[in-house]
Amino acid sequence: MSGAQVGGRQGLASRALHSRLFWPIVTLLALFALNVIVSPSFLAIRVHDGHLFGSLIDILRNGAPTLLVALGMTVVIATRGIDLSVGAVVAIAGALACTIIADSPDPGSVATVVTAVAVALGFSLLLGAWNGLLVAALGIQPIIATLILMTAGRGIAMLITEGQIITVSSPAYKVIGGGYWLGLPASIIIAGGMFIVAALLTRRTALGLLIESVGINPAASRLAGVRSRSITWTVYVFSGLCAGVAGLMISSNVTAADANNAGLWIEMDAILAVVIGGTSLMGGRYSLTGTLVGAFIIQTLTTTVYTVGIAPEITLVFKALVVIAVCLLQSPAMRERMRRRARATTPATAKAVAS
Amino acid sequence: MTTTLPPVKAFSTRSRLARLIPSSRYTSVLVTLVLLVAMFAVGASRYRGFASGQVVMNLFIDNAFLIVLAVGMTFVILTGGIDLSVGAVVALSTMITATLLRDGWNPLAVIVVVLLATSTLGLLVGLVIHYFDIQPFIATLAAMFLARGLCYVISLDSISITDPFFVGLAQTRIPLADRLSITPTVIIAVAVVVIAFIVLHFTRTGRTVYAIGDGGASAHLMGLPVVRTKVLVYVISGFCSGVAGILFSLYTLSGYSLTAVGMELEAIAAVVIGGTLLTGGYGFVLGSLLGVLVLGSIQTIISFDGTLSSWWTKIVIGGLLLLFIILQRILTARRH
Chain X
1 MSGAQVGGRQ GLASRALHSR LFWPIVTLLA LFALNVIVSP SFLAIRVHDG
51 HLFGSLIDIL RNGAPTLLVA LGMTVVIATR GIDLSVGAVV AIAGALACTI
101 IADSPDPGSV ATVVTAVAVA LGFSLLLGAW NGLLVAALGI QPIIATLILM
151 TAGRGIAMLI TEGQIITVSS PAYKVIGGGY WLGLPASIII AGGMFIVAAL
201 LTRRTALGLL IESVGINPAA SRLAGVRSRS ITWTVYVFSG LCAGVAGLMI
251 SSNVTAADAN NAGLWIEMDA ILAVVIGGTS LMGGRYSLTG TLVGAFIIQT
301 LTTTVYTVGI APEITLVFKA LVVIAVCLLQ SPAMRERMRR RARATTPATA
351 KAVAS
Chain Z
1 MTTTLPPVKA FSTRSRLARL IPSSRYTSVL VTLVLLVAMF AVGASRYRGF
51 ASGQVVMNLF IDNAFLIVLA VGMTFVILTG GIDLSVGAVV ALSTMITATL
101 LRDGWNPLAV IVVVLLATST LGLLVGLVIH YFDIQPFIAT LAAMFLARGL
151 CYVISLDSIS ITDPFFVGLA QTRIPLADRL SITPTVIIAV AVVVIAFIVL
201 HFTRTGRTVY AIGDGGASAH LMGLPVVRTK VLVYVISGFC SGVAGILFSL
251 YTLSGYSLTA VGMELEAIAA VVIGGTLLTG GYGFVLGSLL GVLVLGSIQT
301 IISFDGTLSS WWTKIVIGGL LLLFIILQRI LTARRH
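The listed protein sequences correspond, in order, to chains X and Z. Numbered according to our numbering, the first sequence spans residues 1 to 355. Numbered according to our numbering, the second sequence spans residues 1 to 336.
Honestly, the hints are just simulated from the structure, not real lab data. Even glycine gets a Cβ: it sits at the ideal position worked out from N, Cα and C. Please note: incorrect hints may appear among the correct ones.
Label pairs and their calculated CB-CB ranges [to be verified]:
1) Pro332(X) <-> Leu169(Z): 40 to 48 angstroms
2) Leu123(Z) <-> Leu184(X): 47 to 55 angstroms
3) Phe53(X) <-> Leu127(Z): 56 to 64 angstroms
4) Gln164(X) <-> Leu127(Z): 51 to 59 angstroms
5) Trp181(X) <-> Thr307(Z): 41 to 49 angstroms
All chains should be built: construct the whole structure from the sequences, respecting the hints.
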């Protein structure tokens, strides 16, 4: 998917330089390098009790909810939309599942957990369908349509938990966010599975093409016979589902549902992950791999702050500066300037710059 | 508001139709006004002591900062942009105010520093949006992170304000009539609304703001200073956030990093409920004032009721947002 995979020909370097994934991957590698310099054991992965441990695994595990939300956000943004309500959906899904489990007579049983998960995911789908209804059927601007649920959603979550933080002690529920399957944290497997399914569905079928065509021009694609309304609707439902799963993961990891703080600002992280990954906010062009890289950049940034020993109070400033730098590097104006400069230089110097 | 249509709109088919149904320009503002009156009627009929002048005055006192914030947001939204950083900038302003006052600065110097800092931040955001062609949404999001981060850098703890000038100002009550008083913050908020009203409706800058919202290209072809105005609205929003931050620190007499979380949503909600189109080019600053008062009334009713939990506020605001967005949808559909 990236230009770097194309081998051997002249102009490879310049093609890599122009790939949308070039800067994100450079950023990620730079962050990794920084971590390795500060703590040489950063890349080490060790096996303990048959489970994998290490900084990289931690990044993957803690980044799983952001990755999931960003996954849904990518396809929404590809249709020229945006979903601001994901943070609220995260809170609602966690609140619903935890309330059901806490109210049941047998919180530990698998049947209870399955019911709770099913209800929470079902409701997340419904919330996604609600956003889809506003955007696709009523034709309301996505940013405004999802603003409604963003505002009201945390109220709904508090209504479910009655303003309390609901704690659950259910080993079966704990597995989703904090458990292990086949030596890997379950959350990585769930997020990875959903990523692969989404990638296969959109890139191995025509669905991805149709989503992009809706993003480029909804009216034209409708006239060309694309059912643009159903597609728009579907991406919001998918985004709702992704946020719901992320909500279960977050609440399961801390074994509690906090209507106020669960998934707070996750929509921002997700949108940034998508943007850093090179998906255009104007729609019509998206990269799931880019989103994957973007989500890991954001999580690695958070981890870097701890390993490098930056005081926690300047974490946000650090994060903001990196985000601003990446956004500026990716901005259309900057890309245009770089392209002009690349045209002026010979391929040899371009290669030297890249290596 | 009795002035004629802004001249830049006179040639579009939209405004020609709008002239056929003249009331439609004000319909959504009127709906907001009716809603506000209806909410007061319901409140007065259900709760004892609701129908008093002081309850109305308290609406202004408790929401003075939000009024100023909504005014700044109106400018940005009228150009078709959005500013997500305002809540964080309010928090940053309270932190700067509290810290500098604690260090013994002159209160007036503190106010100047805060306003300069927030306006500069707004200027930077505006320049980034224009010169790097980054969406307002993303640029102001980054600014939001930056402002919140700077708050943490200043201090993680809440800093209380003990400066005699600020404390005195916060405790001042200006009597209006018998058992009716307001705070100086209300006067500042109302002054900001009046200035914004004059700028938007009686100056070239104001007309350019509307023209940009109607379509940047045509405004540019008309020779209007598009770039300058586009950057200027973010400076105005930054400045208003600074003023709102000072009002908020007068209201709470403290500075705290985690204050005003989600306040940008309240400001946007107030602007939308006040009838401004989020696509830009259409709306009134007085509508935003009404929007803030509607949000304030919801809180007042819920606190008067006592049996309703505070989280109903959010749900009701969400419901109102939905109502007004659908109303806007119907109104714009009719105008096209």
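Hints versus structure:
{"no.": "1", "hint": "Pro332(X) <-> Leu169(Z): 40 to 48 angstroms", "result": "holds (47 angstroms)"}
{"no.": "2", "hint": "Leu123(Z) <-> Leu184(X): 47 to 55 angstroms", "result": "holds (48 angstroms)"}
{"no.": "3", "hint": "Phe53(X) <-> Leu127(Z): 56 to 64 angstroms", "result": "violated (46 angstroms)"}
{"no.": "4", "hint": "Gln164(X) <-> Leu127(Z): 51 to 59 angstroms", "result": "violated (46 angstroms)"}
{"no.": "5", "hint": "Trp181(X) <-> Thr307(Z): 41 to 49 angstroms", "result": "holds (47 angstroms)"}
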